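Per numbering that gives the first Met the number 0, the very first residue in the sequence shown carries number 0; after that it's consecutive.
Simulated from the structure, these hints should not be mistaken for laboratory data. Bear in mind the structure is a predicted one, so any value in this text is a computation, not a measurement. Warning: the hint list may mix true and false statements.
Claimed, not checked - Derived lysine to aspartate or glutamate pairs resembling EDC-like cross-links, with alpha carbons at most 20 Å apart:
# : residue 1 : residue 2
1 : LYS5      : ASP87
2 : LYS5      : GLU67
3 : LYS5      : GLU70
What the hints assert, rightly or not - Label pairs and their in silico Cβ distance ranges:
#  : residue 1 : residue 2 : range
4  : LEU66     : ALA13     : 18 to 28 Å
5  : ARG62     : THR31     : 30 to 40 Å
6  : ALA59     : ALA112    : 34 to 44 Å
7  : LEU66     : ALA9      : 32 to 42 Å
8  : GLY21     : GLY44     : 15 to 25 Å
9  : LEU51     : LEU14     : 12 to 22 Å
10 : ARG82     : ALA123    : 47 to 57 Å
11 : GLN71     : ALA112    : 54 to 64 Å
All residues carry an ideal CB built from backbone N, CA and C; glycine is no exception.
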Amino acid sequence: MSTRRKPRRAALIALVMVAALGCLALGWWQWTRYESAAGTAQNLGYALQWPLFAAFCVYAYRRFVQLEAEEQGEKPRPAAPQRELSPDLLPERPQARPADVDVAMAEYNRYLAELNARDRNDSANPRRLPDRSNQ
0 MSTRRKPRRA
10 ALIALVMVAA
20 LGCLALGWWQ
30 WTRYESAAGT
40 AQNLGYALQW
50 PLFAAFCVYA
60 YRRFVQLEAE
70 EQGEKPRPAA
80 PQRELSPDLL
90 PERPQARPAD
100 VDVAMAEYNR
110 YLAELNARDR
120 NDSANPRRLP
130 DRSNQ
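Given only the sequences and the hints, what does the whole structure look like? Please build it.
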């Protein structure tokens with residue numbers, strides 16, 4: 000561990016401790032609110048939820064340290080060689096049926112292509128709109 004990482008590690012540990020203790024304190028506060036005369040089930044829910052947040056803070060820091068250690072010490076593994084699948088292992092892909100010639104559909108598609116071409120020509124050469132500032 001380098002000397003630069005030690006202060007950072009200490010600061011992260013302090014941050015995790017403050018966060019976890021803060022979550023536990025909030026859990027205790029919600030528990031006392033639940034036990035008071037004005038306490039509700041919502042207070043009980045939060046009282047049970049805050050310790051889970053504290054545990055998550057500790058878990059997240061632990062996982063961060065593990066991933067950091069893996070990143071520094073582990074060399075990348077070579078990729079495993081690819082294996083060929085036998086052709087009869089997978090089902091055959093469905094084949095497209097030959098297209099039935101539908102005259103109306105072909106005419107409609109030609110019409111749409113013509114409209115698209117006109118639209119592209121119009122957008123490539125925009126006409127100037129009339130000035131409507133005097134209206």
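Next on the checklist: Does GLU70 sit within 20 Å of LYS5, going by the straight-line distance between their CA atoms?
Outcome noted: 17 Å, holds
Item to check | 20 Å Cα cutoff - pair LYS5, ASP87 | outcome: Answer violated: LYS5 to ASP87 is near 58 Å, above 20 Å.
Next on the checklist: Between the beta carbons of ARG62 and THR31, is the distance compatible with 30 to 40 Å?
Outcome noted: 32 Å, holds
Next on the checklist: Within 47 to 57 Å: is that where the Cβ-Cβ distance between ARG82 and ALA123 falls?
Outcome noted: 52 Å, holds
Item to check | Pairwise beta carbon distance, LEU51 to LEU14, judged against the given window 12 to 22 Å | outcome: 19 Å, holds
Checklist entry - Within 34 to 44 Å or not, the Cβ separation of ALA59 and ALA112? => result 57 Å, violated
Checklist entry - LYS5 and GLU67: Cα distance at most 20 Å? => result 13 Å, holds
Item to check | CB-CB spacing for ALA9 and LEU66 relative to the 32 to 42 Å hint | outcome: Between LEU66 and ALA9, where Cβ atoms are some 19 Å apart, the hint is violated.
Item to check | Supplied distance hint 54 to 64 Å, evaluated on CB atoms of GLN71 and ALA112 | outcome: 59 Å, holds
Next on the checklist: Looking only at beta-carbon atoms, does the pair GLY21, GLY44 fall within the given range of 15 to 25 Å?
Outcome noted: Check passed, 18 Å falls within 15 to 25 Å.
Next on the checklist: Range first: 18 to 28 Å. Now tell me if the beta carbons of LEU66 and ALA13 are that far apart.
Outcome noted: The hinted range 18 to 28 Å holds for LEU66 and ALA13, with Cβ atoms some 20 Å apart.
Checked against the numbered hints listed earlier, the structure breaks hints 1, 6 and 7; every other hint is satisfied.
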